[in-house]
Amino acid sequence: GAGVSQSPRYKVAKRGQDVALRCDPISGHVSLFWYQQALGQGPEFLTYFQNEAQLDKSGLPSDRFFAERPEGSVSTLKIQRTQQEDSAVYLCASSSPPAGTKITYEQYFGPGTRLTVT
Amino acid sequence: GENVEQHPSTLSVQEGDSAVIKCTYSDSASNYFPWYKQELGKGPQLIIDIRSNVGEKKDQRIAVTLNKTAKHFSLHITETQPEDSAVYFCAAGTSYDKVIFGPGTSLSVIP
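First to last, the sequence lines map onto chains A and B.
Letter by letter, the first sequence follows residues 32 to 149 in the working numbering.
Letter by letter, the second sequence follows residues 134 to 244 in the working numbering.
Since the hints were derived computationally from the structure, they do not count as laboratory data.
Keep in mind that this is a model prediction, so the values were computed, not measured.
Misleading hints may appear alongside valid ones.
[As the list claims (entries may be wrong)] According to the in silico footprint, chain A covers these stretches of chain B (three or more CB under 8 Å from chain A):
hint, segment
1, 174 to 187
2, 235 to 242
[Said to hold, decoys possible] Some chain B residues flagged as far from chain A (calculated, every beta-carbon gap over 12 Å):
hint, residue
3, VAL137
4, GLU148
5, GLN171
6, LEU199
7, ASP217
We put the CB at the ideal spot given by N, CA and C, even for glycine.
Let the hints inform the model, and build the full structure from the sequences given.
Below you can see the structure in the form of structure tokens.
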């Protein structure tokens with residue numbers, strides 16, 4: 032079956048441009064996560080969705096970052112007025128904990144989008 | 134909030150030897166401890182996880198131990214093979230909506 036897919040795989044943006052990164056989670060997965068991974072570092076949590084509801088956006092570094100998942104499946108991470116410090120790999124993950132549970136379950140990661148801001 | 138530290142940052146072993154990676158966490162409420170393997174150009178992939186109600190878990194050549202009192206957990210890989218070469222991340226989670234990752238260990242297995 033298909034895993035988590037992300038597009039584009041690579042994105043080069045000039046400083047000040049807006050970008051939109053797409054994530055297609057595994058079909059039926061309720062939970063969706065966005066992470067930012069700087070070179071040589073571990074993934075850092077950005078935001079979390081349960082279906083279409085954004086339940087936690089505490090990791091978004093500034094108000095230039097915005098994420099949505101309007102129909103509870105595909106998600107888009109948008110970065111406005113990109114800065115050089117936004118250069119990183121943006122990872123999306125999805126998970127499917129059993130209904131009614133709040134137990135953490137395995138997250139399946141996509142390949143990431145490498146964003147380079149010049 | 135939770136903070137996860139990981140050591141060593143790089144590890145080089147001969148093929149067939151064992152590799153051990155150690156992590157510590159700060160939040161005593163953490164109850165889920167996954168380990169991920171990340172190969173170049175790919176997203177992290179879960180290799181094993183452990184919950185706070187067990188002290189050890191094993192899956193073929195991979196084992197994880199957890200010491201909740203000391204707030205540390207370790208990954209053990211035995212009989213290492215070249216295909217084990219990758220970056221390994223530990224993580225700790227307290228709830229269903231978030232896990233915090235360590236900084237990673239780059240493992241090289243020398244044939």
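Now the hints, each set against the structure:
1. 174 to 187: holds (count 7)
2. 235 to 242: Check passed, 3 qualifying residues.
3. VAL137: violated (8 Å)
4. GLU148: holds (25 Å)
5. GLN171: Violated, since 8 Å does not exceed 12 Å.
6. LEU199: Non-interface label stands for LEU199 of chain B: nearest chain A Cβ at 15 Å, farther than 12 Å.
7. ASP217: Given a closest Cβ separation of 19 Å, the condition holds.
Going through the hint list in order, the structure does not satisfy hints 3 and 5.
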